[in-house]
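Number of protein chains: 4
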Amino acid sequence: MSATAVLLLSCPDQRGVVAAVADFIAQHGGNIVHAEQHTDDVEKVFFQRVEFELDGFGLGRDEILNAFSTVSSRFDMSVDLKFTDTLPRVGILASKQSHCLFDLLSRWRSGELPAHVAVVIDNHPDHADLVRHMGVPYVHLPVTPESKEAQERALLDELREQSVDLVVLARYMQILSPLVVNAYRSRIINIHHSFLPAFIGANPYRQAHDRGVKIIGATAHYVTEELDEGPILDQEVSRVSHRDSVADLTRKGRDLETIVLARAVRAHLEHRVLVYGRKTVVFG
Amino acid sequence: MSATAVLLLSCPDQRGVVAAVADFIAQHGGNIVHAEQHTDDVEKVFFQRVEFELDGFGLGRDEILNAFSTVSSRFDMSVDLKFTDTLPRVGILASKQSHCLFDLLSRWRSGELPAHVAVVIDNHPDHADLVRHMGVPYVHLPVTPESKEAQERALLDELREQSVDLVVLARYMQILSPLVVNAYRSRIINIHHSFLPAFIGANPYRQAHDRGVKIIGATAHYVTEELDEGPILDQEVSRVSHRDSVADLTRKGRDLETIVLARAVRAHLEHRVLVYGRKTVVFG
Amino acid sequence: MSATAVLLLSCPDQRGVVAAVADFIAQHGGNIVHAEQHTDDVEKVFFQRVEFELDGFGLGRDEILNAFSTVSSRFDMSVDLKFTDTLPRVGILASKQSHCLFDLLSRWRSGELPAHVAVVIDNHPDHADLVRHMGVPYVHLPVTPESKEAQERALLDELREQSVDLVVLARYMQILSPLVVNAYRSRIINIHHSFLPAFIGANPYRQAHDRGVKIIGATAHYVTEELDEGPILDQEVSRVSHRDSVADLTRKGRDLETIVLARAVRAHLEHRVLVYGRKTVVFG
Amino acid sequence: MSATAVLLLSCPDQRGVVAAVADFIAQHGGNIVHAEQHTDDVEKVFFQRVEFELDGFGLGRDEILNAFSTVSSRFDMSVDLKFTDTLPRVGILASKQSHCLFDLLSRWRSGELPAHVAVVIDNHPDHADLVRHMGVPYVHLPVTPESKEAQERALLDELREQSVDLVVLARYMQILSPLVVNAYRSRIINIHHSFLPAFIGANPYRQAHDRGVKIIGATAHYVTEELDEGPILDQEVSRVSHRDSVADLTRKGRDLETIVLARAVRAHLEHRVLVYGRKTVVFG
Chain W
1 MSATAVLLLS CPDQRGVVAA VADFIAQHGG NIVHAEQHTD DVEKVFFQRV
51 EFELDGFGLG RDEILNAFST VSSRFDMSVD LKFTDTLPRV GILASKQSHC
101 LFDLLSRWRS GELPAHVAVV IDNHPDHADL VRHMGVPYVH LPVTPESKEA
151 QERALLDELR EQSVDLVVLA RYMQILSPLV VNAYRSRIIN IHHSFLPAFI
201 GANPYRQAHD RGVKIIGATA HYVTEELDEG PILDQEVSRV SHRDSVADLT
251 RKGRDLETIV LARAVRAHLE HRVLVYGRKT VVFG
Chain R
1 MSATAVLLLS CPDQRGVVAA VADFIAQHGG NIVHAEQHTD DVEKVFFQRV
51 EFELDGFGLG RDEILNAFST VSSRFDMSVD LKFTDTLPRV GILASKQSHC
101 LFDLLSRWRS GELPAHVAVV IDNHPDHADL VRHMGVPYVH LPVTPESKEA
151 QERALLDELR EQSVDLVVLA RYMQILSPLV VNAYRSRIIN IHHSFLPAFI
201 GANPYRQAHD RGVKIIGATA HYVTEELDEG PILDQEVSRV SHRDSVADLT
251 RKGRDLETIV LARAVRAHLE HRVLVYGRKT VVFG
Chain C
1 MSATAVLLLS CPDQRGVVAA VADFIAQHGG NIVHAEQHTD DVEKVFFQRV
51 EFELDGFGLG RDEILNAFST VSSRFDMSVD LKFTDTLPRV GILASKQSHC
101 LFDLLSRWRS GELPAHVAVV IDNHPDHADL VRHMGVPYVH LPVTPESKEA
151 QERALLDELR EQSVDLVVLA RYMQILSPLV VNAYRSRIIN IHHSFLPAFI
201 GANPYRQAHD RGVKIIGATA HYVTEELDEG PILDQEVSRV SHRDSVADLT
251 RKGRDLETIV LARAVRAHLE HRVLVYGRKT VVFG
Chain B
1 MSATAVLLLS CPDQRGVVAA VADFIAQHGG NIVHAEQHTD DVEKVFFQRV
51 EFELDGFGLG RDEILNAFST VSSRFDMSVD LKFTDTLPRV GILASKQSHC
101 LFDLLSRWRS GELPAHVAVV IDNHPDHADL VRHMGVPYVH LPVTPESKEA
151 QERALLDELR EQSVDLVVLA RYMQILSPLV VNAYRSRIIN IHHSFLPAFI
201 GANPYRQAHD RGVKIIGATA HYVTEELDEG PILDQEVSRV SHRDSVADLT
251 RKGRDLETIV LARAVRAHLE HRVLVYGRKT VVFG
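Chains as they are written, first to last, in the numbering used here: chain W, 1 to 284; chain R, 1 to 284; chain C, 1 to 284; chain B, 1 to 284.
Do not take every clue at face value.
If chains are identical, the list can't say which one is meant, so a pair holds when it fits in one copy or spans any two.
What the hints assert, rightly or not - Restricting the straight-line Cα-Cα distance to at most 30 Å, the calculated cross-link-like pairs of lysine-lysine (DSSO-like) are:
| id | residue 1 | residue 2 |
| --- | --- | --- |
| 1 | Lys252 | Lys96 |
| 2 | Lys82 | Lys279 |
| 3 | Lys279 | Lys252 |
| 4 | Lys279 | Lys44 |
| 5 | Lys96 | Lys148 |
No lab work stands behind these hints, which were simulated from the structure alone.
Isolated chain W (complex conformation):
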């Protein structure tokens, strides 16, 4: 498929928005290959994702936003413009557990993720070998309660040096300080190993076992200052029973974590996500 442009729009709900956007693209000879919209009837906000072919489009890439401003200012729109042949640069943060890290790298290698994995930053040294084997820059940044502040500065330096667009916490197991969270607002995806908002915080599988639930879950969400309270991107669940020990829940949960994190990362990388308040619109 040839390169396309993606417009991610939101504005107060009002008449004529869809027509104005479609007109703009049609007037410049564009061909819409995918369009999806959503109106939040409570908040009265309109959201739209429009993807159109760049081939044959009458405007250069850096002219589009300027030309579109007649539309966006008329409707008081927030606009984000992406090009699908510009691969976002991803930084993966990992710790001892490897399943999410390796799963993301495998998917990336097989071409499933439209991204460039720019760097893996790891606070445990175990995965250096395999990450490098897969051709990805690897940085080991161990962390202790004392070194945490310095480690985060080094981490931020590394992310900036690698021009990272999206940070993925692949079971990173560290709470990021507001310094990092603010630098990558709506651009840090975490996987929490529970069905949020159930079992916030530490040891969710043990909490689930103690409560005797019959289904466990995993949740991918954007990181905000409040622990496990950020906008949810995706969730997945699996049936369990009284037979399952904490170790069984942990094992079964790993499959949920890898799948739901990969789906959420993919949605972000394909520019299908809009964040508003503590919620997301994830287009299909």
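Based on the hints, put chains R, C and B in the right spot on chain W.
Just chains R, C and B now, with coordinates in the frame of chain W:
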């Protein structure tokens, strides 16, 4: 919510369709409350469902199609126009088993189905009492191999007399002749108690048990001349194990059947379904 | 199938329990048709459900427990003995919403629930007609904050008069006082319309909508003094999206509620549930 | 956990089997840690899996079967005895696609699979590097229609040399001849990328797309002479829509394939599977 109009469109994929449709509605002062589109990249066909408010729209209901013909003829469109305050009239065909019949009637009574249940036609007499208790006209039309032709003529008469728009086979257990199928093309929904195309024909739960599957399913589809080969509207599945007898599969399957049939009927009644070839587009 | 006896056993985990139980049944000429066991490796508790044919068994029904006491006292067992041809008497408590009530009655009528529905007690008058039509005694017991104490006494009187073994809260929407809870410990099943422990208390679908979850759930649990904290019997979930309003969640949730409540009630009625602490063992 | 022995038993259904097996273990001072049984009421066959601690058991490992023969001959039992500290040796056969291969190796490395991966045999050369990096012997055995017979002989030699107990076809994409199938009856697990028995044979995702199904699946089964007709171990499904191209189905299906294959392999390796006729009993 006030009344809305729904345009269901399909045409050869081409530039400018979205803009032309949106323009038409905007020019007449319409407010789009929901729009969804799909392009089949293989067949090069464009599909769209556009729902807009009638309140404040500049055209009368019977003027819309005529005015829209400038757009539809330009793009060689098939057009279907529906009004959401005009409830489709549904005829339910039932046999001995009651779960799908009662489930549909319960949903209808609770206001979940935007329809008017015009008649229940039953080839077993068992449900007369409860159907009538729920305030629905009940017709008992028993069928034998010898009487089948006459029974179908009576059935067609009844459907026509009640001005039925949609026929729902709620485990009707009779194969309809082409006479009926042609009279209600893409307007007869059947529930088959298997995960089609697995286990076509009779006794699918026994077939599933004999094959030793670990998941069973149910499929709602439009009825065509070929048995269980019509366009699929929806499917649902449930995990089973070696412990499940044919009776267990039948019991577990009943829940699948009621849910998937209700979902499919609801999608049709909300004008969210477009049929092409042996497939469906079911908008969300 | 001929009548069977069910032994529900729990005791400290120790060697020889399985053999002792199986020996007891074999010595009296019994044929085990189903046996399932579970050991909680953390609490070191052993649980077993053994079902054996009464036909040909060498002991009369009222001799079994006494004869079994040699085994049960040796292993310090809790023992419960049930006969599958003695149908438990069920009292259903309902309020305005009808879906769980009608679903249970439909399943009961179709023979899916091994129970006798002894009474429906309703604090809204709407369902009297249909309940009576289905041949079930109906009692209307309206409740206000002022009348609650008196209403509960009347409710208890009714349950006792009908010799109710199991109380099912089919979206009853009232918090039962300790008086009722203690009278029917581990014998009151409630359906909560969330994936517990998420969204305890009122308006869980609104809470779920506000949090922006991507999956909703329903939970069947035994009622204890603490609201929504009792032992969980079963849970079920359904995928939702940003498109779903609170009304959509409510509608989708209804299907979860009916299915998970019916499954939980069925497990209880088939004597497949053992409660310990705040957990359940639900055998397959 | 200390080492345990697993007895996998099947025999004509008859009274006293459970007691006889439990007695045998109790008499030798064994402690049963898990027992599960199943009776096929149609075929009148009894199946049981009993796992007991070897620590403190009064018989040596090579004395058990002999001593048990008094029980097994009395009930005409088929008996299989396994020790959980004897890791089965697994040979993985792979082709171009890597997802199932890498997933199995990742799980094995993380300790999730109780096995020794003895060899990876690959008919494409692409994965040599990573397999060796993970410390597994790698054999490249390319195959053409002309070389197939010779390749299979080399393959069998390799499997025998490595004393392989279980062969896993990780999207191997070749139909094995009866020579191989017979040598490893009920010991070759294949993953078929459809919900069998739907879409047998080549290109199941294309078949699924053409049929317009709303759910796709994957099936793990033992390989027999008849293509995709062997006993099913496990299945998994995923919802799809009209939006999904064949490429989308293929991508979504990969996650199903890896998960269902891993689950089936794990069940086999934990000695939880009994095969009879074209069915399996998979204990929990």
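A quick look at each hint next to the structure:
With identical chains, the CA atoms of Lys252 and Lys96 are at most 30 Å apart both within one copy (18 Å) and between copies (28 Å). Proximity of Lys82 and Lys279 under a CA criterion of 30 Å is satisfied intra-copy only: 21 Å inside one chain copy versus 33 Å between copies. With identical chains, the CA atoms of Lys279 and Lys252 are at most 30 Å apart both within one copy (27 Å) and between copies (20 Å). In this assembly of identical chains, Lys279 and Lys44 lie within 30 Å of each other by CA distance solely inside one copy; the values are 14 Å within and 35 Å between copies.
In this assembly of identical chains, Lys96 and Lys148 lie within 30 Å of each other by CA distance solely inside one copy; the values are 17 Å within and 44 Å between copies.
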